[in-house]
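Enquirer: Sequence:
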Amino acid sequence: MSDEVYVRLREFLDKLPGGFPATDNGIELRILEKYFTPEQAEFLLDLKPFPEPASAIAERAGVSEEHAAEMLETMAKEGSIFRIRVNDQPLYMAISFVIGIYEFHLKSLDRELAELLDAYVPHMVDYWSGVPTKQLRVVPIGAAVGSELEVATYDTVRDLVNKHTEFAVADCICRVEKGLLGQECDRPMETCLVFGIAAQYYVENGLGRKIDLEECLSILDMAEKSALVLSPTNAQEINNICCCCSCCCGMLRGLRAFERPADHVGSTYQARIDPDLCTLCGDCLERCQIEALTEGDDQMEVDLGRCIGCGLCLPTCPESAIAMVPKAETAAPPANVVALNLQIASDRGLS
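Here this note's numbering = 1-based position in the sequence shown + 7.
Honestly, I wouldn't trust all of these hints.
Think about it this way: if two alpha-carbon atoms lie no more than 30 Å apart in a straight line, the pair counts; the simulated DSSO-like pairs of lysine-lysine are [claimed, not checked]:
1. K170 <-> K141
2. K114 <-> K232
3. K114 <-> K141
4. K22 <-> K114
5. K22 <-> K141
6. K114 <-> K170
7. K334 <-> K170
8. K114 <-> K55
9. K41 <-> K22
10. K334 <-> K232
11. K232 <-> K41
12. K22 <-> K55
13. K55 <-> K232
14. K217 <-> K334
15. K55 <-> K170
16. K84 <-> K232
17. K170 <-> K232
18. K217 <-> K141
19. K170 <-> K41
20. K55 <-> K41
Computed beta-carbon distance windows for the label pairs [as the list claims (entries may be wrong)]:
21. M229 <-> S136: 27 to 35 Å
22. H74 <-> E18: 20 to 28 Å
23. P56 <-> K232: 32 to 40 Å
Calculated from the structure, these hints are not laboratory results. Being a predicted model, the structure only gives us computed values, none of them experimental. Positions of the beta carbon are idealized from the N, C-alpha and C atoms, including for glycine.
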């Protein structure tokens, strides 16, 4: 079958904030073929990046409302489009490949798709390296934020989740993918946290389970103990928190490859080590996911070009020699996901 409809779909997805860059070998088209039938691919081209009822989409697509509603609900259940409900009426919209289609196809991931996605990750990392505004940012773990710091609410993970009333948790798709490739990770699997309308979508689609605030905070504590980097939505009002390890997470794997990962991630803090307190025990080395720490002659040393401000090195230091220090110049993240996507679109020249 001709790739023509998938080429057009790739171009369509690339015009969404998350982007979907082309490759020389066309691997991205093979990924789309796994996610969409030709009819679904054609139909998706008539969706907008904002919620609409089936009737509006049907009129634009030139099909009956009944047929459109059936197609839309099937694609929403499969994870190919986003669905919200307003006064019990379903509304549907197109979503970016990442964050969106990739994560929402958690339950349909198989070995073949995992291989394709793993090969595509470097292309997405290269694309995002040139976009100033990132989809995710890094916030320090709770134990790294001491009372001596004046910390904005958007840099305090507990403040971020306390704004919400609806919570869900799902398996980390990055660890599921690596497991299918025979590269299992020994860190916790159920660590993908989602909030608000995203939590509703996850629960309704069977991607995750509903939890309460107490369990959400418990999962964050577990992530801290497991040396997972906390990567929430790059906004003051978040939709999700990824709990990332560098052996599985595509973002962290990509960051590690850069000479200066700190230049490619949004964060407010970096680690500093007090030379008078450090005993060169090396405990912090085991916790760092980004290879930002090295053993110097008299103390452990932080490579500020690599430190992404996660704070994982701090709580296990027996001498309390590590502290989180604000960067010289940082801007507050966008207010919410809508503002974030508008900023990314502006960065990419899409608006």
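Enquirer: Looking back at the numbered hints, which does the structure fail to meet, lowest number first?
Expert: The structure breaks hints 11, 13, 14, 16, 19; every other hint is satisfied.
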